[in-house]
Amino acid sequence: MDDWVIELEDIRKVYRMGIEEVNALAGLTLRVKRGEVLAIMGPSGSGKSTLMNIIGCLDRPTSGTYHLDGKTVSQLADDALAEIRNKKVGFVFQSFNLLGRSTASANVELPLRYAGVNHGRRERAQKMLRLVGLGERMDHKPMELSGGQQQRVAIARALVNDPAIILADEPTGNLDSRSGAEILDLLLQLNREQGTTLVIVTHDPNVAKHASRVIRLKDGCIEEDHVSDTKPA
Amino acid sequence: MFLTQNLLEALESLTTNKLRSGLTMLGIVIGVGAVIALLAVGQGASATISGSINSIGTNLIFIVPNRSTDITVRRPLTLQDAQAIGDPLNAPSILLTSVLYTVGPVKVSAAGQTVSMSIDGVTSTYADVRNLTMAEGDFISDTQMTGRASVAVLGTTTAENLFGTSSNLIGETVRISGQPFRIIGIQASKGGSGFTNSDDVIYIPFTTAVSRLAQSTDGAPDRVDMIVAQAVSANAVPQASDEIKQIIRSRHNTEVGKDDFTLETQQDILSVTSQITGVLTIFLGGIAAISLLVGGIGIMNIMLVSVTERTREIGLRKALGARRRDILIQFLTESATLSVVGGFIGIGLGAGLAYAIGLIANATGNSFTPVVGLNSILLATIFSATIGLFFGIYPASRAAGLQPVEALRYE
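For the record, the sequence lines run as chains R and S. Its first residue numbered 1, the first sequence is counted upward by one per residue in this note's numbering. Its first residue numbered 1, the second sequence is counted upward by one per residue in this note's numbering.
Okay, chain S solo, but in the shape it has when bound:
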């Protein structure tokens, strides 16, 4: 009752000077609009960046043998190690594992063309772990894996090199080290990344690679070159790494501090990007905060003018029995109303701005979606109300502290 009365009176007083109230509010509108738009752009940017990092595989852990000469006792990584890591009872933070066993380079020929290249022996889970998609056909199946089937999946570049095309090749035969392999799938192009062309590959079942192509098995038929483990999420990578270390240490009976394997993750990249996006957000937030601050000072300025202008009114109200608190609340309500209304308009403006930035970005070919989050809306609302109250306190307490006699005498 009291509150609504105050609010009505504040609105009444603010609407009597619409232009001034509007201009004062503009400072907050722009400030909040900037906060919303910049936070949206920042969040969109960090989502896009972490999305592209995730496509590399931030949740992947690569386990390779430790090549350091300090290690004297060395056991090879095996398919059984990978299976032990893949067991959710042993390692709950790991979703999937696969192995990579590279043979070669060997001669690969088809349709009269011959190239020399390495052959990757992998398990059926490899496509899922490495996020491979098929342009045609299927990836290696479990049955083909256990049956040591002579099947192959080709990358698009390899297919082009051998056949001059990368389509309609399912069922064709390719000879690897002279042995015929049936093509069951063509991997969709991933594009080149760095020095390696991930489209110039041939995948065959791990078992087939070991039994048919390996020159020597070193007395360890299940030896692999690399185990790839996929953690349940990017955040679970450190936990998953610990689990992997424990499992392999106990399986290999390694001495303390002398692991015969090493782990490689994308954690470094992740931490760098989270640092970059963090700095970006602070930077954008800083700019926005400055404009909000300027808006707040604008409110304070206008409220001071308003208090001076209305000295007589304040004197009259005091003569009629207004206490200090009544006057304080009256002016605080006015400044808070200014900034909260400005804040709401600013949220609309900021959201519109963010949407426009998204449209422009998409039109120029950058896939990028600004995210106006509920938290940034809440933040902006609370922040603008706080600004209104904070910058309203000084003018309001000046008004409240006026002596009625002097205030009434004021011309």
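Just chain R, with the same shape it has in the complex:
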């Protein structure tokens, strides 16, 4: 029996724009295995962002069911969804989204605070920062770090609560090609070593070619689902 970490069943998402209804997702079904590296591609307006929001539990589908790590999350209330995001999903954003006032370590601690962890937060945060190669810069503020380093802090933050999936939205989009490649390497390395399921939303084919599976969206449906035979290097 396959170990599905993400199970989306006939997901629809309808937005109302004035009197017009827009089907951002039109009955999408998708299953992701634990440990997979999935790249979601597609032009803008294809429903990419909507799918990412639903996978990340930032939004609820209009209809359909969603099981994340064995839990039905499709129609949970706001605060319940917040808890799921906190425990099961690690976000990595294109623009890093770090708190500028806080140190790297405090940024990484944030999910632990919302999880109600009171003891050993700093130690866990520091462990994660060492894991992403920022052991020397724990007390620096984001402004004092390079883009690549900021994204490493964000990755450490995504990992700190030991989530079921890492959801990366254009993680290399704001970085130069060298740091972009480093960040991608880091994510893939974490996938290999920690077995973290990685979902990357991107339109960069260079990023997608490292994924073990690539899906292409068009008009709210999966147009193409390609599983590469060889494990990416």
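The hints are simulated quantities; they were obtained by calculation from the structure and are not laboratory data. Among the clues, some could well be false.
Footprint (simulated), chain S over chain R, 3 or more residues, beta carbon under 8 Å [to be verified]:
hint : segment
1    : 49 to 63
2    : 74 to 88
3    : 109 to 117
What you are looking at is a predicted structure, and each value in this text was computed from that prediction instead of being measured. Think of the CB as a built atom: it goes at the ideal place given N, C-alpha and C, for glycine as much as any other residue.
Knowing the structure of chain R, use the given hints to seat chain S on it.
Just chain S, lined up with the frame of chain R:
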């Protein structure tokens, strides 16, 4: 743990924009400062006013015969009535009593000068009851009272009129209706009040007045013109009045509703002043409340701006698992911190302001001490914290209600 973390984060966030936080706080600082200063001035003013009323004697009750023609059976007020009222077993609300029996006008002469004036026969307690102080010598003693001694205490004006001076007169003799009286004391000047000059008086023992000077005693040798009773406090005056009425009614066997005496108190003045100071306090409090309200609106305004500015931050926090409550508490902590810190600074400012007002008042010759009471400090603290929370609720709930998807997308 959770609370201190929140507080630290709030301080961190407030200090990143020091100028804005400072200006926002200024509204509360001024508001609380105004509350503290104005309440201090109000309390000081009402203390000064009630102090000057008290010096007249707010705790005094004057008992005089009822002159109304409705009263057919009339018994005079007597020294025994005064003693009965003065007995703490009968009237626990009364501290002291004295009597006044006025003779005259009679001729008073000394050092070749002659004046015509009334003579007050009083008991030894009169000085204490009326708050008289002596410039020289002593007031009439109990021994002089029982011994019907021929001694007199003069007011400064009387002394000036007779001797041309009001000092070094102890032991001198003054002739009242031709009889010699030894001067034992000069009363310190009380200043004129209204139509009567309280410095133009001669006090002699009540017993002496009755036995030596009274033309006729009407068959009642202990008759007095007025009994003065001092209640234990100004607040006890109504209770004391009731006690007095009961005692004299039973002693005089008066019919119901036909008292042969009336009571006069300073209660009217007191109630008017308490009304005035009450209105004053409400007025000052109102002004202060308006400035606090304006300060609170300032906080709300800035918090709304802050929520809009930090929409992305809120979205991020929600993505990382912050619940509604977490965001709500975060922003409420910020607004409460602003207003409480502002409140503390305001208390300092207000106290300083009140002190300065006191200095100015004293420098211009008005003795007046503003009182920064613990209760006004507590009031201001609680009030400013409440303002911070109240005006923080709307911005905070707006922040808490943001949808993570939209908040993250916000530019």
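Here's how the hints hold up against the structure:
Coverage of the segment 49 to 63 of chain R by chain S holds [criterion: at least 3 residues with CB-CB distance below 8 Å; count 4]. With a cut-off of 8 Å between beta carbons, the segment 74 to 88 of chain R has 7 residues touching chain S; three or more are needed, and the interface restraint holds. Three residues within the 8 Å Cβ limit are the bar, and the segment 109 to 117 of chain R against chain S gives 5, so the coverage statement holds.
Hint violations for this structure: none, all hints satisfied.
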